[in-house]
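Peer 1: Here's the letter readout for the chains.
Protein chains: 2
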Amino acid sequence: MIFDHVRVVLVHPSHAGNIGASARAMKTMRLNRLYLVRPKSFPDSRAVMMASGANDVLSNALVVDNFEQAIADCHWVVGTTARKRTLNWSVKTPKQAAAHIVALPKKIQIALVFGCEQWGLTNEQLIYCHQLISIPTDEIFSSLNLAAAVQIMSYELHVAYLFSQARPPVSVSQAKLATTHQVSSFYQRLECLLKAIQFSNIYRSKQLIRRMKRLFNRVQLEAVEVNILQGIISTLYKRLGLKE
Amino acid sequence: MIFDHVRVVLVHPSHAGNIGASARAMKTMRLNRLYLVRPKSFPDSRAVMMASGANDVLSNALVVDNFEQAIADCHWVVGTTARKRTLNWSVKTPKQAAAHIVALPKKIQIALVFGCEQWGLTNEQLIYCHQLISIPTDEIFSSLNLAAAVQIMSYELHVAYLFSQARPPVSVSQAKLATTHQVSSFYQRLECLLKAIQFSNIYRSKQLIRRMKRLFNRVQLEAVEVNILQGIISTLYKRLGLKE
Numbered sequence: 001m002i003f004d005h006v007r008v009v010l011v012h013p014s015h016a017g018n019i020g021a022s023a024r025a026m027k028t029m030r031l032n033r034l035y036l037v038r039p040k041s042f043p044d045s046r047a048v049m050m051a052s053g054a055n056d057v058l059s060n061a062l063v064v065d066n067f068e069q070a071i072a073d074c075h076w077v078v079g080t081t082a083r084k085r086t087l088n089w090s091v092k093t094p095k096q097a098a099a100h101i102v103a104l105p106k107k108i109q110i111a112l113v114f115g116c117e118q119w120g121l122t123n124e125q126l127i128y129c130h131q132l133i134s135i136p137t138d139e140i141f142s143s144l145n146l147a148a149a150v151q152i153m154s155y156e157l158h159v160a161y162l163f164s165q166a167r168p169p170v171s172v173s174q175a176k177l178a179t180t181h182q183v184s185s186f187y188q189r190l191e192c193l194l195k196a197i198q199f200s201n202i203y204r205s206k207q208l209i210r211r212m213k214r215l216f217n218r219v220q221l222e223a224v225e226v227n228i229l230q231g232i233i234s235t236l237y238k239r240l241g242l243k244e
Numbered sequence: 001m002i003f004d005h006v007r008v009v010l011v012h013p014s015h016a017g018n019i020g021a022s023a024r025a026m027k028t029m030r031l032n033r034l035y036l037v038r039p040k041s042f043p044d045s046r047a048v049m050m051a052s053g054a055n056d057v058l059s060n061a062l063v064v065d066n067f068e069q070a071i072a073d074c075h076w077v078v079g080t081t082a083r084k085r086t087l088n089w090s091v092k093t094p095k096q097a098a099a100h101i102v103a104l105p106k107k108i109q110i111a112l113v114f115g116c117e118q119w120g121l122t123n124e125q126l127i128y129c130h131q132l133i134s135i136p137t138d139e140i141f142s143s144l145n146l147a148a149a150v151q152i153m154s155y156e157l158h159v160a161y162l163f164s165q166a167r168p169p170v171s172v173s174q175a176k177l178a179t180t181h182q183v184s185s186f187y188q189r190l191e192c193l194l195k196a197i198q199f200s201n202i203y204r205s206k207q208l209i210r211r212m213k214r215l216f217n218r219v220q221l222e223a224v225e226v227n228i229l230q231g232i233i234s235t236l237y238k239r240l241g242l243k244e
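First to last, the protein sequences are chains A and B. Position 170 (the first sequence) corresponds to 170 in the working numbering; numbering is contiguous. Position 140 (the second sequence) corresponds to 140 in the working numbering; numbering is contiguous.
Watch out, some of these pointers could steer you wrong.
Since copy identity is lost for identical chains, a pair holds within one copy or between any two.
[What the hints assert, rightly or not] Listed next, the in silico DSS-like pairs over lysine-lysine satisfying Cα-Cα at most 27 Å (straight line): (1) Lys-238 with Lys-206; (2) Lys-238 with Lys-195; (3) Lys-92 with Lys-176; (4) Lys-213 with Lys-92; (5) Lys-213 with Lys-195; (6) Lys-95 with Lys-107; (7) Lys-243 with Lys-195; (8) Lys-107 with Lys-206; (9) Lys-92 with Lys-195; (10) Lys-92 with Lys-206; (11) Lys-243 with Lys-206; (12) Lys-213 with Lys-176; (13) Lys-95 with Lys-40; (14) Lys-176 with Lys-206; (15) Lys-176 with Lys-107; (16) Lys-106 with Lys-176; (17) Lys-238 with Lys-213.
In short, the hints are calculated from the structure, not lab data.
Turn these sequences into a full structure, and let the hints guide you.
Peer 2: Given below as structure tokens:
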């Protein structure tokens, strides 16, 4: 697995549902190692319900007694924080932190640490972190759900990984594009048709065809589409009783 | 508000909790306009509970009867999809779609559309979309929670906004875009015309009109262009001696 060296650590999570939702969030983004520091209730059926199929992440989750245990063998600890801190931390964005993580060798053990729902991470816990990240939110309504924060960080890690693989994560249309020649001959017939039905007289002819070209050029027409449009023109000629 | 011109549309959401969690996700990222297309249960105390303070987003949410109503006055409709599609859509990443949205002028009405938990968006609904996005997930476990998908898209929009503020704005075409309503009525008349000239019989009717819609949606039609296309259709009816 890609992220076998990355663990998500939830410190004192108070809602079992959030544990399950975090497991689901992780698994969608290919993370699978979950550590729970003294969870209020675990195992819990609400966690299973919210995990919605990410049961392996839940059943492999490690429950530990204190924060230090969860990160003891880690080389790089990233803490999430919403509040402004008194200490002058250099706080990164999720994207920056994710780019850094995927650039690290896989033998480096990494922890992404999330504090409890009420207070986040304590100053004591933050001291252990090599890097702090803050998810940019509205300044007044900054209350991200715990699993939502896990989702965003996992997502950024996954995106950073895909980017590092230089594999485009997007699927590009494989449709065969029309050649300039095919498109030009469509334009010609369209122009003739518009003249034949005397539409071009109503609208200034040159400007009209220019506008139509601009419209269709913006699309990057596919070969199949040009065929359909040509078919429509042929049918119109026939029904109008006009000769080309 | 920054995102007053952006709405989140949830189509047939079946869990009230997801509506609340989506409202919360939106508000943390400064989005506030929520549309609900025939929700299974709303208002609902579970939505309020999961909104966790984003009550204004919930109480201002608009409940509508069908998908078309939710996007009728929109100029740019972005649909989320997980499944591979038969038609060759070009699918963007959330980041790409967000960068495009924040570059659009604020008078453009934008919809971010999310399908129901079970099936996502139907092909019928996707046809209305100018752009499709897919959140990159694990290929096997791709089941993102609805509110988690809303969270990621809202987050990317917010990040793109913050980024755009740090850079000079991109110049975009100032042409007046057509509304979904204007474009829909063009589609209707085009469909009738293709039936009247019996072109639709030659080509499979449903697939034909879907292809035409897909073609014109890719362009992001301007209001002037729709007027010209409507004018061509009117002239054709006249010359063909057909009644509408």
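Peer 1: Each hint should be assessed against the structure and marked as holding or not.
Peer 2: Evaluated hints:
no. : hint                 : verdict
1   : Lys-238 with Lys-206 : both (25 Å within a copy, 23 Å between copies)
2   : Lys-238 with Lys-195 : both (16 Å within a copy, 14 Å between copies)
3   : Lys-92 with Lys-176  : both (24 Å within a copy, 19 Å between copies)
4   : Lys-213 with Lys-92  : both (19 Å within a copy, 26 Å between copies)
5   : Lys-213 with Lys-195 : both (15 Å within a copy, 25 Å between copies)
6   : Lys-95 with Lys-107  : within (21 Å within a copy, 30 Å between copies)
7   : Lys-243 with Lys-195 : both (13 Å within a copy, 22 Å between copies)
8   : Lys-107 with Lys-206 : neither (33 Å within a copy, 31 Å between copies)
9   : Lys-92 with Lys-195  : neither (34 Å within a copy, 39 Å between copies)
10  : Lys-92 with Lys-206  : within (26 Å within a copy, 36 Å between copies)
11  : Lys-243 with Lys-206 : within (22 Å within a copy, 29 Å between copies)
12  : Lys-213 with Lys-176 : both (20 Å within a copy, 18 Å between copies)
13  : Lys-95 with Lys-40   : neither (31 Å within a copy, 36 Å between copies)
14  : Lys-176 with Lys-206 : between (30 Å within a copy, 21 Å between copies)
15  : Lys-176 with Lys-107 : within (9 Å within a copy, 35 Å between copies)
16  : Lys-106 with Lys-176 : within (12 Å within a copy, 35 Å between copies)
17  : Lys-238 with Lys-213 : both (24 Å within a copy, 24 Å between copies)
Hint violations for this structure: numbers 8, 9, 13, all remaining hints satisfied.
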